[in-house]
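If you read the protein sequences in the order shown, they are chains Z and V.
Its first residue numbered 1, the first sequence is counted upward by one per residue in our numbering.
Its first residue numbered 1001, the second sequence is counted upward by one per residue in our numbering.
It should be emphasised that the hints constitute simulated quantities derived from the structure, not laboratory data.
Glycine included, C-beta positions come from ideal geometry on N, C-alpha and C.
Hints are all accurate, no fakes.
Not everything, but these chain V residues come out facing chain Z in the computed CB check (under 8 Å):
{"id": "1", "residue": "Leu1209"}
{"id": "2", "residue": "Ser1217"}
{"id": "3", "residue": "Glu1324"}
If you want the building blocks of each chain, they are given just below.
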Amino acid sequence: MKTYFFPALRLTIVLLIVCAVLYPLSIWLLGKMAPGQGKGVQITAQGRNYYRNIGQSFTEVQYFQGRPSAVGYNAAGSGGSNKGPSNPEYLDIVQGRIDTFLKYNPGVQKHDIPADLVTASGSGLDPDISVASAVIQVPRIAAKRSVPESELKQLIQQHTQKPLWGLFGPERVNVLELNIALDKLSKS
Amino acid sequence: MNTEIMGILATFLIALLLALPLGKYIARVYAGEKTKMDFLFNPLDRLLYRISGIDARREMNWKQHMMVMLTINLIWVLMSMVILMCQQWLPLNPDHNPNMPADLAFNTSISFVVNCNLQHYSGESGVSYLSQMWLMFLQFVSATTGMAAVVVLFKAFKARSTTQLGNFYTYFVRSCTRILLPLSSILAIVVLFNGTPMTFEGKQEMIGLQGDSVAVSTGPAAAFVGIKHVGTNGGGFFAANSAHPLENPNYLTNMAEMVGQMIIPLAMIFAFGYFIQRRRLSWMIFGVMTIGFLLLAIPNVVQEMNGNPALTARGLNSTMGAMEGKEVRFGAAASGFWSIVTTVISTGSVNAMHDSTMPLSGMNEMLAMMINAFYGGCGVGLLNFFIFIILAVFISGLMVGRTPEFLGKKIEAREMKIAMIIALLHPLLILAGTALTVSMPALGRATVANPGYHGFSEILYEFTSSAANNGSGFEGLGDNTPWWNIATGIVLLLGRFLPIIGPVAIAGMLAEKKYIPEGNGTLRTDTGTFGMMVFAVIVIITALSFFPTLALGPLAEHFSMP
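Take these sequences, add in the hints, and give me the full structure.
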């Protein structure tokens, strides 16, 4: 007891101070200098604050829509659908999403719909869509907002985030930023 | 070349290039040699020893090492239970999250003490910030425990004939202050400056662009993410783990978090070679592990990039890959790659939901944990691999008619018995646990989220992940039930401490034996031939133990799909 227990207990307590107090405290202090003061990066538009990295639900047809979410984009929680790849119920859900998309986007061919638009993300809060997923929605939004398609395509191009250093990872578009810019371009 | 593939290659190369010098540094730290950071760490360590009343010069034999380890781990489990079950009454709980029930606290405490992250709760609603900081502390000390244990083995092979194997506390404290703290600080700062929050404020209300009102969970995540990867624990701050856009905001952080989890397991291999001055042995180990790793990782990358054939058959465009459960900013390739990095290394963090990966990807994730020795967790990876080395030495010794020896020490019946028990314990825990759960539909089948073969895979994955102390899951499984919490809690304990004690005991016994200088008759263990032998032993043991169950789950699902 004396040889093993007390040194272990005392060591636990001092390491608790080092690892669970001093370490997080110094990261917290550094966070004051980080973007968003360590509270998450925010963007302000029309007097409202949004989290840049937290995706939002876009259901209205005049907005670019994001990905399906298993948590309804409520960032009080997070998670994916956890549907297995062969689950028949899941395959029907995806089929349903495809049908809905085709209904609201007449003229689009089924095999042109990118996979990210009809599958739920891992976090349920994915802020991005692929470039193809943005482009495929252009005709619908152009018609709804009476703006030329070319302007929308230019807008997408401006908001496309290139791979890291031009080398690593996929291209993507932040849906929230794109929709904020869209609202600036044309009042719906 | 495709930028997604380039991203993976770069990640692996960066990890390897950093691991080589780090391995040298780690060897120096444990040997007590001078390093450039001594001016800072020597006084800090001395202060820690003085406050704790530890005599850092007292040498211990292997049994004393293990006693110290078990005592301090027991203290953590007890403290953890108290904190988690009382978190509602303790400070730093801005969201007023309730106390954990006893079974969940039992599971969570054991899980984090054994460097696993089988989180049967959600980070946003299940724990207070104080509990998160406590779990973060456990991420430090559980990684440290594994590292200190493997140093006992290092020491046993450096000494010629001895029972004295250094001091556990010094290995422990040095791992923490000189390796984990600096590395996790670096990773924490990288993610912090890329958008991961570090705040003690509670949930924030946010009105969306369309006018919907939602709450956003933030918290002191950056510090947590640093150690969660460097210490290979993998516990997520948020429920979605590193798929969450605040926990892993962009491709750079995704690469950094992958490098973070690979770097110590890789460096440990090289540290072993430097420490015992047999660098060729390190390259043999590295070679075997890397071949195994690539054989698992490449098929996953390919399958995830090819997309879900069941959806392709229905006319969906699969050029982006299988995106269910994945994030656009990482893409299918980096998600498939991560799924193997995190399972070979026993991290258990995820950047995509494994439940939704393709059947054979899921099988490779399970295989990675069933083998549990390709890189492996901080320290424990090498301990697991050591068991396979002992088995390979013995079998090849029999094949060529020589006395089995490893590094100048005879391997005899006692060591072989321990090695066999440890090698068979892992399949026993996984298969018996799965069989028991499947035989009780109310406890097992009722908790699965997907029908058919995939449901069986969910149960198998949960036990595999527990026995390997990995912590990832097929998260559709409704695992917060008393059965799952208690059953996996017990598997976690056995799957942690026996595979540490076994190899350390073997090493301790070998250290006491007479050193026989290597001669012409010695079977060399640092060659490619011996590497192939070890690989064959791993494949045979794994295939014989696990093939039938894998056939019932992921293989059956694969062949049922278009």
